[in-house]
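Enquirer: Between the sequences and the hints, there should be enough to build the whole structure, so can you do that?
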Amino acid sequence: DAGITQSPRHKVTETGTPVTLRCHQTENHRYMYWYRQDPGHGLRLIHYSYGVKDTDKGEVSDGYSVSRSKTEDFLLTLESATSSQTSVYFCAISESLLAGGSSYEQYFGPGTRLTVT
Amino acid sequence: LAKTTQPISMDSYEGQEVNITCSHNNIATNDYITWYQQFPSQGPRFIIQGYKTKVTNEVASLFIPADRKSSTLSLPRVSLSDTAVYYCLVTTSGTYKYIFGTGTRLKVLA
Numbered sequence: 032d033a034g035i036t037q038s039p040r041h042k043v044t045e046t047g048t049p050v051t052l053r054c055h056q057t058e059n060h061r062y063m064y065w066y067r068q069d070p071g072h073g074l075r076l077i078h079y080s081y082g083v084k085d086t087d088k089g090e091v092s093d094g095y096s097v098s099r100s101k102t103e104d105f106l107l108t109l110e111s112a113t114s115s116q117t118s119v120y121f122c123a124i125s126e127s128l129l130a131g132g133s134s135y136e137q138y139f140g141p142g143t144r145l146t147v148t
Numbered sequence: 015l016a017k018t019t020q021p022i023s024m025d026s027y028e029g030q031e032v033n034i035t036c037s038h039n040n041i042a043t044n045d046y047i048t049w050y051q052q053f054p055s056q057g058p059r060f061i062i063q064g065y066k067t068k069v070t071n072e073v074a075s076l077f078i079p080a081d082r083k084s085s086t087l088s089l090p091r092v093s094l095s096d097t098a099v100y101y102c103l104v105t106t107s108g109t110y111k112y113i114f115g116t117g118t119r120l121k122v123l124a
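Order-wise, the sequence lines are chains A and B.
Those letters in the first sequence? Residues 32 to 148, per our numbering, in order.
Those letters in the second sequence? Residues 15 to 124, per our numbering, in order.
Bear in mind the hints are in silico, worked out from the structure with no lab data behind them.
For each residue, glycine too, the CB sits at the ideal point set by N, CA and C.
Don't take each hint at face value.
[Claimed, not checked] Computed list of lysine-lysine pairs in DSS-like fashion (alpha-carbon distance at most 25 Å, straight line):
#  : chain 1 : residue 1 : chain 2 : residue 2
1  : B       : 111       : A       : 101
2  : A       : 84        : B       : 111
3  : B       : 17        : A       : 88
4  : B       : 17        : B       : 66
5  : B       : 17        : B       : 68
6  : B       : 111       : B       : 66
7  : A       : 88        : B       : 111
8  : A       : 88        : A       : 101
9  : A       : 42        : A       : 88
10 : B       : 17        : B       : 83
11 : A       : 84        : A       : 101
[To be verified] Facing chain B, according to a computed beta carbon distance under 8 Å, are these residues of chain A, among others:
#  : residue
12 : 62
13 : 71
14 : 73
15 : 74
16 : 79
17 : 128
18 : 129
19 : 130
20 : 136
21 : 137
22 : 139
23 : 140
24 : 142
[As the list claims (entries may be wrong)] Now the stretches of chain B that chain A is said to cover, found in silico as 3 or more residues with beta-carbon under 8 Å:
#  : segment
25 : 49 to 57
26 : 60 to 73
27 : 115 to 123
Expert: Here it is as structure tokens:
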């Protein structure tokens, strides 16, 4: 399995508080992604990174910010958590964006279950 | 990005071959078809990817007709451990955009 860890694995927080989720990889892959998964929606991309300090928005980026100061770490921050951000958050990594080879695969972490009360 | 449509759920029995079909009518020339598998409380896992015709690996086969408007994931001789959600994605080479739909929930019965 790809070396991806997420922390914390579970978190309960109150509305209005800031929350930071961490994704750590040991694969030295260039690309890192944050998704959220909700019933009836599958997985939706929040933000992604294509290198240190290089990030871009996904389809559901409102209310989220990210940072990547090192190749191995990608942080997702909820500046002021809301109940609508209760979800399971997955980090993923990939080596390449070019399809047709094994380096194109996205490897997913174990997920973080976040509950905002 | 091409939208995909796949059945919401399927049931099968152990030892049977399972075929899950996905339609992607608006697939573009530089799009690939990719399938992921997800078990409860885990992240998705890559199964197979193809562009046209047939691709086979140790886990599954992927059949893509000439017009590429649909594809079929074939799982040979499923077991109870194949119970999972299977996602069909159309992915564009060179971009980061993965669009996961709601997937097909496969239940394998004893």
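Enquirer: Compare the structure with each hint and give your call.
Expert: Each hint tested on the structure:
About 23 Å separates the Cα atoms of residue 111/B and residue 101/A, which keeps this hinted pair within 25 Å; it holds. Note on residue 84/A and residue 111/B: the hinted pairing holds, with a Cα-Cα distance of about 19 Å set against a maximum of 25 Å. For the hint pairing residue 17/B with residue 88/A, the CA-to-CA distance comes to about 20 Å; that is within 25 Å, so the pair holds. Simply put, residue 17/B and residue 66/B have alpha-carbon atoms about 18 Å apart, close enough for the 25 Å limit, and the pair holds.
Simply put, residue 17/B and residue 68/B have alpha-carbon atoms about 21 Å apart, close enough for the 25 Å limit, and the pair holds. Distance hint between residue 111/B and residue 66/B is fulfilled; the C-alpha atoms sit about 20 Å from each other, no more than 25 Å. At roughly 10 Å between alpha-carbon atoms, residue 88/A and residue 111/B fall within 25 Å of each other, so this suggested pair holds. Between residue 88/A and residue 101/A the CA atoms are separated by roughly 19 Å; this keeps the pair inside 25 Å, and the hint holds.
At roughly 24 Å between alpha-carbon atoms, residue 42/A and residue 88/A fall within 25 Å of each other, so this suggested pair holds. Note on residue 17/B and residue 83/B: the hinted pairing holds, with a Cα-Cα distance of about 11 Å set against a maximum of 25 Å. Distance check on the hinted pair: residue 84/A and residue 101/A sit about 8 Å apart at the alpha-carbon level, within 25 Å; holds. Hint status for residue 62/A relative to chain B: holds, with the closest Cβ pair at about 7 Å, below 8 Å.
Annotation: interface hint on residue 71/A holds; nearest CB of chain B at approximately 6 Å, less than 8 Å. Checking residue 73/A against chain B: minimum C-beta separation of about 4 Å stays under 8 Å; hint holds. Annotation: interface hint on residue 74/A holds; nearest CB of chain B at approximately 4 Å, less than 8 Å. With 8 Å as the threshold, the beta carbon of residue 79/A comes within range of chain B, its nearest partner Cβ sitting at about 5 Å, so the hint holds.
A cut of 8 Å between beta carbons decides the hint on residue 128/A: the least distance to chain B is about 5 Å, and the hint holds. Here the hint on residue 129/A is kept, as its CB sits about 6 Å from the closest CB of chain B, short of 8 Å. With a least beta-carbon distance of about 4 Å to chain B, the hint placing residue 130/A at the interface is held under the 8 Å criterion. Interface hint at residue 136/A: satisfied, since its Cβ lies 4 Å from the closest Cβ of chain B, which is below the 8 Å cut-off.
At its closest, the beta carbon of residue 137/A sits 7 Å from a beta carbon of chain B; the interface hint therefore holds under the 8 Å criterion. Hint status for residue 139/A relative to chain B: holds, with the closest Cβ pair at about 3 Å, below 8 Å. The interface hint given for residue 140/A holds, since its Cβ lies 6 Å from the closest Cβ of chain B, which is under the 8 Å cut-off. The interface hint given for residue 142/A is met, as the beta carbon of that residue sits about 6 Å from the closest beta carbon of chain B, less than 8 Å.
Counting residues of the segment 49 to 57 of chain B whose C-beta lies closer than 8 Å to any C-beta of chain A gives 3; at least three are required, and the coverage claim holds. A count of 3 residues in the segment 60 to 73 of chain B with a Cβ less than 8 Å from any Cβ of chain A is obtained; the coverage claim is therefore met, three being the minimum. Given a C-beta distance limit of less than 8 Å, the hint that chain A covers the segment 115 to 123 of chain B holds, as 3 residues qualify and 3 suffice.
This entry satisfies every hint, going by the numbered hints stated previously.
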